Every structure is written in C-alpha cells, then in structure tokens.
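Just so you know, the sequences run in chain order A and B. Numbers in our numbering are just positions in the first sequence, counted from 1, shifted up by 31. Numbers in our numbering are just positions in the second sequence, counted from 1, shifted up by 808.
The hints are simulated quantities; they were obtained by calculation from the structure and are not laboratory data. Heads up, some of the hints might be wrong.
Unchecked claim - According to the in silico footprint, chain B covers these stretches of chain A (three or more CB under 8 Å from chain B):
(1) 53-62
(2) 95-108
(3) 112-124
All of these numbers come straight from a predicted model, not from anything done at the bench. For glycine and all other residues, C-beta sits at the position ideal for the given N, C-alpha and C.
What follows is the residue order along each chain.
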Amino acid sequence: MADYIMWAATAVRNPAYRLLKLLRIFQFYEIMSSRLRSSRYHRLMKLFELVLTTLLLAHWMACAYFSFTYLEGYEGVWLPEPELKHAHPVLKYWRAQYFAVII
Amino acid sequence: MKRVKQNRAFTKDNERQKLGLHVDNLIPGSKRKIRVIEVNEHDRTVSKAIEQEKSHDSSVQNVQNRGDAGSDDDDDPWVVLPSAPWYRHCQVAVMLIIMYNCFMVPYRVSFLHYNGDDKAWSVLVIDILSDLYLICDLILAARVAYVEHGYYVCEPALIWRRYLRSHFLVNLVSAIPLGKIACLCESSHWKFMMCFLVHTWQTTSCGQPPLFAIRRTVC
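Looking at chain B on its own, in the form it has when it is part of the complex:
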C-alpha cells in the first residue's frame, strides 16, 4: 500500500477551502504547519484533487510512508499515525480487553456476587493489568492522528480538541478505579490523611481555601 505524504503550509484561503481544512478558524493563534498525509483507496475524490494539485505544484515531495511519524525534522515524533503496525496491535489488545470486561463483569455481578476473597490471584492480576493497559490507552489516544476529509491531521492541539469532544469523557469515567477508591475510603489511611488535612487547614489558615493551607504548610 502506497501513501503519499505532504508537507505544506496552508497560506492561501482557497487552498484551504479546497482541502476542507479550516485550521485557522479552529485555533486563531497557531502558526504551525499542519502535516497532512493522504489516505488512498478510501477517498478517491480527494486524492484526485491532490493529483491535480501536484501537477501545478512541483515542490510537493512524495515520500514513502513507513508507518511512523518520526521521519522528518518538522514532524512531531510524539504523534502516532493510526496506520502504525504497533498501534494496530495495541488496538487489538484493547478490543480483547473490552470484550473480556463486557463478558466477565456482568457475570461476576449477577452470578458470583463477590469479587474479593475467594477470587484467584490470576484473575486479580489480569484485572489490574487490563485496567492499567486501558489507562495507558487513554493517554495514548490523545496522541493519535485522526482522519479528516481523507487526511491525517497531526497537529497535537487539534487531536486533543477532537479527543476531548469524542470519547475522552467515556474513557476517563471507565478508567476511574471505583473499587480501589472504596477500599481506600474504608481503610484507616484515608481517615488519617483527611484528619491531617483538616488539622492543617484549621491551624494554618482562617477560612482560606485548602490549597493555600497545604502550600503554606509545605513551604
């Protein structure tokens, strides 16, 4: 599969409109180049339009895409293309973990009625590892380029913005370790810590918000 990679600064408005990217509308202050990469075979019309543009513009360089984002100096190496093989494997693992959760969690809720003392260590370890993996995926997904109008958009701010709007909240809510928090609230450590916080607040500040109190205690 051959992909064409383009580096270009969008300076003219009609060029931007032709490609359907209104970048300056989204982030008014940004002067960075938007690195876009054509996705072929899916958006024939867009690739045709780019071929027409290529004939006009001789300075467009065609580079074989190697699946990673770190080939140019201009590129942000911390942005992952969704076509990267290791990222696809990660996605397969995420799918497996999601399926494991979807089958096992209702089973435990309705048939076993417990999750704790009788549970085997292997199951516990699998649970913890899968939770950690999903949290890592939550962080990684903020760095994965997305496709818009047949292009990969690799600007981190745009990716972050879209991620916030799409499924960041769902991932965050599902990543909260509610059971661990409940354990923490039951244990005496939490009570001790709360007592310490309230004590410092009462002794160091008169009616100030607690953050200032903690800062005053530390500094």
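With the rest of the complex left out, here is chain A:
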C-alpha cells in the first residue's frame, strides 16, 4: 500500500506528459457560455473571456517561441540573446512574452 502511495506521489520528470490536459480548454469555454447565459454580468464576462483568450494565446506563443529557442540551442537570427541561457526562467519568460506581444 505504501508503495502505491509513493508511486502516486512520484514526481514526473517529463512535463510533456501533462500536455494532454490542455484538451479540456474546450470544456472551459463550454462551461463559461453555459454559466453566462443566465448571468447578470453577461457582457462584462464576455469581455473577460476575450481578454483571457488573448492572454492565453500570447502565453502559448511565448512558450512555443522559447521551446524553439531551446531546440535551436540559443543560436539564431530571430532568437533571443545567448546570455539568456543561464538566466532565471522567469526572465526568459518575459523575454519570450515580449516577443509574442510585439509580433
């Protein structure tokens, strides 16, 4: 039993295994629309949904951009500076977010 608990608590090395959980995003919008239909703040929440979608797309753009950077080994024309290689991930994130927003 303890083995199984330890197995459930094991940290997974590769985060790409969790990528399938992104499929639920469709259900998010479904729940959103089904809840909004009877809401008093219909248009406000629509606006909030739009802003959230924009932020999410920018976030995904940044992530895709930086994964390309990682795959190319920080060398490329439109890739960020190679000094970022040993920087903090949050710094890398804001650099990629800058690219995503500018593009």
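The hints should help you fit chain B onto chain A, whose structure is shown.
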C-alpha cells in the same frame, strides 16, 4: 427565479412531437417516465406551449424547484440538475483547474524542461489533487441532466448516451495519468508483474487468451 417541474408519462405521439422529445426512438425498450423540468426565460416559445397545455391538463403539478433532484419518489436522486448551487461551484473549480493547467503546463514544458526532482511539494500536491478532481468531474458529468428543447432531461441512459457522444472521450484522454504510467513502466514493479502474468499464462493455458489464464489461476 421560478421554475416549473412536471412529471408526466409521454403516452401520445402528438404530445411527444409537440415537445420535441422522441424518446422511444432513442431507446426502444425503455418504459420509464422521462422527468422534464421547464427552463424559463430562455425558451419563451416552449414555456408558452406548456402554459397552453396546462390549461388543458389540470393534473400537472407545479412544484418549486429547490435545485436538487431528490424531491419526489419518482426521481432518481443520483441525477444532478445543472442549476444546483453546489454543482455550479464545482464547475467554477473545474474552470480554475483548467486555466491553471493551460497556463502552467506549456510554461513547464518550454521553460523549466523538468517537472520532477526540483519541483516543490506544494506544486506536486496541487497537480495530484487537480487531477483527482478532474477525474471526479469526469464521473460526475455522467450524472448531470442536460437541456434539450428547453427541458432538463433526467433519464440516466439518455444522459449517458449524450455524454458519450459529446466530450466523454476528451475528458477520458485528458484524465489518463501518462506520467504515472511512464513511472510505472520504468520501475521494477511493472516488470515483475508482467513476468508473473506471462509465467501464469504459459503454465496454466496453452494458447488461451490471458483472461482465462488469470481466472484459472485465481479460482
């Protein structure tokens, strides 16, 4: 908000066509009553049609909906109305978890490149709890009534059928703990278990499918 609840057995074909529910076409053998509840404010036409029917039919009983499904003896208490307050709170939690996944998973994939040894315990616990919550939601969603033509359909078979067709597969695929399975495949427990299974199969059965072999071993 006032809702009208109706219990009625659909016996006549024209009644069924008027309400747009072709239940017997969907499940030929079912004799159960379909419990339908009017949703007002959204489908004006349907509610008007029901008001017209009410004037004809005096036996229709109007009950204040309390948000749960367990008020009548005829009702299935294990069917949840989507208007129930606790279910709405559950949905809010599901939305938050989905947003957490959508923001954090790509970030970890592209910036951190790991998820494991350096990860804090709090993040790990949050991940496991959110996964368990989504699995619970996957099971719960098979019991939530849905709206069709302005009515809540509370027949479990119909709900299950619609759920299978709509987003059951997506939920199931997203609920598979792939990382855990990978850990299991790497560890020696899995190899030991597979060796045991193959050994029992080879010793107990000659070419039979493995299920029979396991059953023969157990019994």
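At least three residues with a C-beta closer than 8 Å to a C-beta of chain B: is that true for the stretch 53-62 of chain A? holds (count 9)
Taking a Cβ-to-Cβ distance below 8 Å as contact, does the stretch 95-108 of chain A have at least three residues touching chain B? holds (count 4)
Counting residues of the stretch 112-124 of chain A with a beta carbon closer than 8 Å to any beta carbon of chain B, are there 3 or more? holds (count 3)
In the structure shown, no violation is registered for any of the earlier numbered hints.
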